[in-house]
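A.B. asks: What follows is the residue order along each chain.
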Amino acid sequence: DAGVIQSPRHEVTEMGQEVTLRCKPISGHDYLFWYRQTMMRGLELLIYFNNNVPIDDSGMPEDRFSAKMPNASFSTLKIQPSEPRDSAVYFCASRGTGNTGELFFGEGSRLTVL
Amino acid sequence: RKEVEQDPGPFNVPEGATVAFNCTYSNSASQSFFWYRQDCRKEPKLLMSVYSSGNEDGRFTAQLNRASQYISLLIRDSKLSDSATYLCVVNRRGRRALTFGSGTRLQVQP
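Quick mapping for you: the protein sequence lines, in order, are chains R and W.
Take the numbering used here: the last position of the first sequence gets the number 121, and nothing is skipped along the way.
Take the numbering used here: the last position of the second sequence gets the number 113, and nothing is skipped along the way.
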């Protein structure tokens, strides 16, 4: 079975550019999470969805960040405009309703903003 | 104060050694606890859940002390392949998202 699929795996962009990260969760999973990982702050929750509906976006840093989940098999995280401090690894993860403990993570999108 | 605190390490131990990591959490509403493992430049993966009575999975033993709000992970007979970062994770009651500690790095040396 395919796991969580993220794209792009790596992105290097210049400050001010728009960045779009994509995620395909595991089929049948109804929770989708976006996390960001940096050396300084570790793994931080940005936002999560349940049945395509955003439930908690309190971790989204500011208005430059937005996330959507138009259907059960696709989500995007957009940063516009990007800044150097947004450089991080962005992970998407999903899980089913019954299992509260095991998140299945994608391989991550490593973003570098110059 | 961070919700989940861990010693970042690194812990450098020889093969065969026993090593223990501790983690503290600040929110008493936390109800579920886990250890995740993250290899270098890879995604985190669930290692084991932590139960109140303590639980074991092969060479790994996890324990929870609710009164003191700390969680521990003991690894016996360390292998080179155990080298990784170990993330302490809690799930707050009523919240579906997991909160991760920053991780403790383990390096097992030959």
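Source of the hints: derived by calculation from the structure; they are not laboratory data.
We put the beta carbon where it would ideally sit given N, CA and C, even for glycine.
Keep in mind that a hint or two might mislead.
[What the hints assert, rightly or not] Not the full set, but computed from the structure, chain R residues with beta-carbon under 10 Å of chain W:
(1) Gln44
(2) Asn57
(3) Ile62
(4) Asp63
A.B. asks: Please check whether R:Ile62 passes as an interface residue: C-beta within 10 Å of a C-beta belonging to chain W.
C.D. replies: holds (7 Å)
A.B. asks: Less than 10 Å between beta-carbons is the criterion; does R:Asp63 satisfy it with respect to chain W?
C.D. replies: holds (6 Å)
A.B. asks: For the restraint on R:Gln44, tell me whether the closest CB of chain W is nearer than 10 Å.
C.D. replies: It holds, given that the least Cβ distance between R:Gln44 and chain W is near 9 Å, below 10 Å.
A.B. asks: Measuring from the C-beta of R:Asn57 to each C-beta in chain W, is the shortest one below 10 Å?
C.D. replies: holds (7 Å)
Going down the numbered hints, you'll see the structure goes against none, and every one checks out.
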